[in-house]
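J.: As you go down the protein sequences, you meet chains A and B in turn.
Its first residue numbered 1, the first sequence is counted upward by one per residue in my numbering.
Its first residue numbered 1001, the second sequence is counted upward by one per residue in my numbering.
In case anyone wonders, no lab produced these hints; they're calculated from the structure.
Hints may be right or wrong, so weigh each one.
Quick list of simulated restraints, FRET-style, between CB atoms [to be verified]: (1) 1012(B) - 192(A): 38 to 46 Å; (2) 1160(B) - 68(A): 37 to 45 Å; (3) 1006(B) - 284(A): 43 to 51 Å.
Stretches of chain A that chain B covers, calculated by requiring three or more beta carbons in the stretch to come under 8 Å of a beta carbon on chain B [to be verified]: (4) 118-124; (5) 300-312.
Residues from chain B shown here face chain A by an in silico Cβ test under 10 Å; the list is partial [unchecked claim]: (6) 1040; (7) 1052; (8) 1057; (9) 1072; (10) 1076; (11) 1078.
Backbone N, C-alpha and C fix where the C-beta goes; we use that ideal spot for every residue, glycine too.
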Amino acid sequence: MEFITQHPVLVVSLVKIAVLLFVVMTALAYLTWFERKVVAHIQSRWGPYYVGAHGLLQPLADGLKFFFKEDLTPPASDRLIFTLAPMLALALALTAIALIPFGPPSIQVLGQPVFIVSNLGVGLLFLFAITSMGVYGIALAGWSSNSKYPLLGSLRSSAQMISYEVSLTLSVVGVVLMAGTFSFNGIIQAQSGAIWHWNVFGIRHGGITQVVGFLCYLIAAIAETNRVPFDLPEGETELVAGFHTEYSSFKFAMFFMAEYANMITVSCLATILFFGGWLSPFPDSWTWQFYLPGALLLLTGIYTAFDSFVVLRGIARIQFAVFTLLLLGGGAICLHPAVAPLIQGPFWFVSKVFLFLFLYVWVRGTLPRFRYDQLMSFGWKLLLPVALVNLIVTALVIAFPWLGAHG
Amino acid sequence: MSLPLLLFFVFALMAVLGAILLIVAREPIHSALALIVVMVSLALLYVLLGAEFIAAVQIIVYAGAVMVLFVFVIMLLNAGEEERTNWSRMAKYVGVPLAVVFLFWVAHWMAHAAVGATAGYAPGETFVTPSMTADLSKLLFTTYLLPFEVTSILILIAILGALVLAKREEKS
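Chain A on its own, in the form it takes in the complex:
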């Protein structure tokens, strides 16, 4: 106890990191379930259904399967780098999430903000630094496999990630100019007010809409995370499985988790930069918004109760009955006036991130893959000029405020 009061920074930080790691790992697992479900419904299928109610235990089964599979290393591979590459990919992807603020800095325990693991002055730059290192995981994986298809996949990936990183960075400079800081908290605070103050709408003094920057960011971010329609590094019709062809068991799972962690990071960043981070879309005077999270949980609880009693049969019915109890109890706690203000920040943040993750899956279920030359000419000849023009216009508006909006 004495140790905790003497070293609040160390202890609170370690606890936050442990909790964040657990939450992110669970979110990763259920993101795969979510993706399979949504894509299945887009394609008129059921998706995972048999392991647990609505396939909800499928991620657990998948994880166990990865764990017990044989771990193969090709004899001609560079063993050290072959082992190091997936670790590098996952470690960098998880480090990036530690920079994200999930709630306002005003909510504190022992003088430390609860929802912010690390509050760097150059948070945005540091995040880009980490994502720019992320390409090594993929590049080295392909090279060290000492095999044709992985090498082609990783070459494609390196070229693609370098190309789109330029547009990605340029597309957010407008936001940095409007906030005047690289710190995530500063960028979010600059958007405070209500929904029309968010950077994507930008109706505030000396501001201009960053919707062009947002679209550039979104496209470049999908390319950076190697997702459909930019998943050429692992295009299965051309390259078997791309850079991770030779990987199996837990090493493959690490690449898989890194990809989903990157998706979450990129969605969090879009939320922070363009959609006001943990800010509520409503003006502060609308006090009923404090009851939204609790009400949402209660409604979900009523739905699961209906599902449990009317639709489901067998063990699934018991599982959903437990869910119902948890959701109703959680909803009741969230409605308590002491708890409600505390969870506003994380609630809005997670809701917005969830919408972006849905968008990712939606795009995956809808669009076909680009051809390689289309990918390159799109990145360099369209995305980059548009991001540059957006930057110049934003800079002009900030230099001459009478050009911009007067919110």
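Given chain A, work out where chain B should sit, using these hints.
T.: The following block gives chain B in isolation, referenced to the frame of chain A:
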């Protein structure tokens, strides 16, 4: 020993080991990886000095962009193990003693010169310094505007030169 000092020794050791590995490694790609380690540990040392901006840019530009191109080219050419020659007599009898003398000279100079005193940061203070990005930009675009613009033009010329070389049609 304070935490910043401890971290300094960790990252300094990483940088030195990386640099040694860079020279000793036989596979070009291992050398490139060692160089990345050196650059990242240098960036971490900049963080310890309170220069967060420089640290982030060091990683983005050098470790993230320049070295990716290095690795890319090594992978594309599929460069194999380096061929080694035996040490020449010149290197053995002149090079090694000169290198040792140089190292001792640097160590002597560092021990006596007040390197830390001129930087303006006492160790331990470094974690609480605010972001210096705004100050840095102001300096860069007022006092040092001319050198900054000249460097930009220099880089532009390099880009144009690369384009001209790459686009030159082959005479058959």
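J.: Three residues minimum, CB to CB under 8 Å: does the stretch 300-312 of chain A make the cut for coverage by chain B? Let me know.
T.: violated (count 0)
J.: Between the stretch 118-124 of chain A and chain B, see if three or more residues pass the 8 Å beta-carbon test, and mark the coverage as holds or violated.
T.: Contact hint for the stretch 118-124 of chain A vs chain B: holds, 3 residues under 8 Å.
J.: Minimum Cβ distance from residue 1072(B) to chain A below 10 Å?
T.: Hint holds; residue 1072(B) Cβ to chain A Cβ min 5 Å, cut 10 Å.
J.: Taking the Cβ atom of residue 1012(B) and the Cβ atom of residue 192(A), is their distance within the range 38 to 46 Å?
T.: holds (42 Å)
J.: If I claimed the Cβ atoms of residue 1006(B) and residue 284(A) lie 43 to 51 Å apart, would that claim hold in this structure?
T.: Once the Cβ atoms are compared, 45 Å apart, the range 43 to 51 Å for residue 284(A) and residue 1006(B) holds.
J.: Please verify that hint: residue 1078(B), Cβ, nearest Cβ of chain A, below 10 Å or not.
T.: Given a least distance of 8 Å, the restraint on residue 1078(B) holds.
J.: Let me know if the C-beta of residue 1052(B) comes in closer than 10 Å to any C-beta of chain A, holds or violated.
T.: holds (4 Å)
J.: Can residue 1057(B) be said to touch chain A, with a Cβ gap under 10 Å?
T.: Hint on residue 1057(B): holds, closest Cβ of chain A at ~7 Å, below 10 Å.
J.: When the nearest CB of chain A is found for residue 1076(B), is that gap smaller than 10 Å?
T.: Residue 1076(B) check passes; min Cβ-Cβ to chain A is 6 Å, inside 10 Å.
J.: Does residue 1040(B) hold up as a contact with chain A if the rule is Cβ-Cβ below 10 Å?
T.: Holds. Min distance 8 Å.
J.: A range of 37 to 45 Å was offered for this pair. Does it hold for the Cβ distance of residue 1160(B) and residue 68(A)?
T.: violated (57 Å)
In this structure, the earlier hints numbered 2 and 5 are contradicted, and the remaining ones agree with it.
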